[in-house]
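Visitor: So in full-length UniProt numbering, spot 228 of the sequence shown is number 228, and the numbers just go up one at a time.
One thing to keep in mind: the hints can contain errors.
Restraint ranges, calculated between C-beta atoms of paired labels, are given here [what the hints assert, rightly or not]:
no.	residue 1	residue 2	range
1	R126	R102	20 to 28 Å
2	N110	E236	36 to 44 Å
3	R114	H180	31 to 39 Å
4	P269	E141	28 to 36 Å
5	H180	D109	45 to 53 Å
6	Q18	M138	29 to 37 Å
7	R102	E141	49 to 57 Å
8	L26	E141	17 to 25 Å
Quick caveat, the hints were computed from the structure, so don't treat them as lab data. For every residue, glycine included, the Cβ atom is placed at its ideal position computed from N, Cα and C.
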Amino acid sequence: MDFWVFDFAIRDTLSTLQARSHICELCRLLYASSKKLTVMSSVEFRRVGSVLTLGTPEAPALSICRANLNYLNGRNNPPEEIQIGFPKLPEIGSLTQFEVLRQWLEDCDNNHNRCYSDGFGPYPARTPTRLIDVGQGMNSETVRLLETVDLQEEIGHSQPVQFSYIALSHPWGDRNHHQHFCTTWENIDDHKTGILDSNLPNTFRDAVRVTRELNVRYLWIDSLCIVQGEDGDFEEEAQHMETVFSSAFCVIAASCATGTSDGFLQQRPNRTVVTIDRSPESPFYICEAIDDFQRYVVEGPLNKRGWVLQERALARRTIYFTERQVYWECGDGIRCETLTRMRK
């Protein structure tokens, strides 16, 4: 079976794949994908670049990825368009996962000139009125709301100082099912004194953890950093929403959450993988489709929220936490957590 020929295809019947599933891993994977896409009888998987499509090129069923750039130097080398990556996901919230996120940021900082064009830089053009101080290091158990004017006085600078911060893009959710954890004039002093991590709703708690893991001190969350209520300052702060997201060091998007209570550092379903060795040292893999950015980000529930389209357009880089995996988007392209570069 040579995946690399130009017109490679697998043609079979659903019943035959089912019958072979107990002895053939690849048949089992093909059968499961066919059932998921509600194929009734005959199947035809075609290789289009890095995917095996079933039915139409617009509906990738399986992904093909390879371990590295420099293997298989014979005449049957896989095409260059085969994605480089690993089909297994790291554990959610693990050291490995956060190291991937930090490497994305470091690579963007060091190598993506376009992400610093149009006035973008390592520090914001305008600091938001309020930020959440998540503390230094992972041992902190509280956060506090602060006025950035007061913070400037705390550190003793007479000239304006810009503070690097992360912004959270998230759904509030139905008030009947999700805690709307907000700052009001009645509790703003309490929030400035400090909020226990354990008192935050899950989505905010996860955002705090990610901010700390990315070695950033400050976080912006709309319901905490804008005073809510009829007498709040939303009308004033809404005028600066554009610069809040365009000036953020990074935006994290809770794409898999339906509201503040859900969180987004959730266990993901295991991805079925078949390893096929082309040489003892250099396997390539066939797995469930990796490229589901369109489905889980572009067409995901978070993008149905009015502000989010603006937030995505303005952010110079965003990390999306979806129910399947984590994605990165910046001016240089899109990546997924399995280290695969998906598109520019």
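Visitor: Find the hints from earlier in the document that the structure breaks and name them by number, from lowest to highest.
Guide: 5, 6, 7, 8
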